[in-house]
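Numbering (the working numbering), first residue to last: 1 to 142.
Keep in mind that the hints were calculated from the coordinates and are not lab data. The structure presented is a predicted model; accordingly, all values stated were derived computationally and were not measured. One thing to keep in mind: the hints can contain errors.
[As the list claims (entries may be wrong)] When the alpha-carbon atoms are kept at most 20 Å apart in a straight line, the in silico EDC-like pairs for lysine to aspartate or glutamate are as follows:
1. LYS129 / GLU41
2. LYS129 / ASP30
3. LYS85 / ASP112
4. LYS119 / GLU75
5. LYS129 / ASP40
[Claimed, not checked] Quick list of simulated restraints, FRET-style, between CB atoms:
6. ASN130 / ASP40: 18 to 28 Å
7. CYS80 / ARG24: 27 to 37 Å
8. SER33 / ASN120: 33 to 43 Å
C-beta atoms are modelled at their ideal positions from N, C-alpha and C, and glycine is treated no differently.
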Amino acid sequence: MRITIHPDDSFSGLLANIEQEFLRQGIDPDSASDCYAIIDEIHANMRHHVAPGEDGFSWSMNLMVSNNRLIMAFEYIGPCFDPTKPDTISNQSIDERDIGGLGLAIVSALSDDIQYSYKNRRNTLTVYKNFTNISRENNSCP
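Using the sequences plus the hints, can you model the full thing?
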């Protein structure tokens, strides 16, 4: 599934398309929830840090499933920016730490692997999420 996204597209509209695809592919609810958070963070970063000042800017997201692994590839044309090398989040309190990097730390924590490439002005961030089709919740209670 390939989706083209514009900065003014709402996350809820994007989510509706993704939810249907996750149901069709049999992605368990817990893994889907992690993926929604990952997609939301990347969507927010694209809207607030990449798109401003770029007329006609858009990016694409490819969703693929292979061997119980969800592959989310985000692509856009622009200057090279490798988000797999964010500054380390320090142990400072939220009031003391610098702004920036926390969203990428969340993406990293929720994913199983992240890869980045840059070729011909095209940034590609590929995020991998393994799933088991088994919920983390214990459904054995009556």
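Which hints, by number, does the structure contradict?
-> Hints that this structure does not satisfy do not exist here, as all of them hold.
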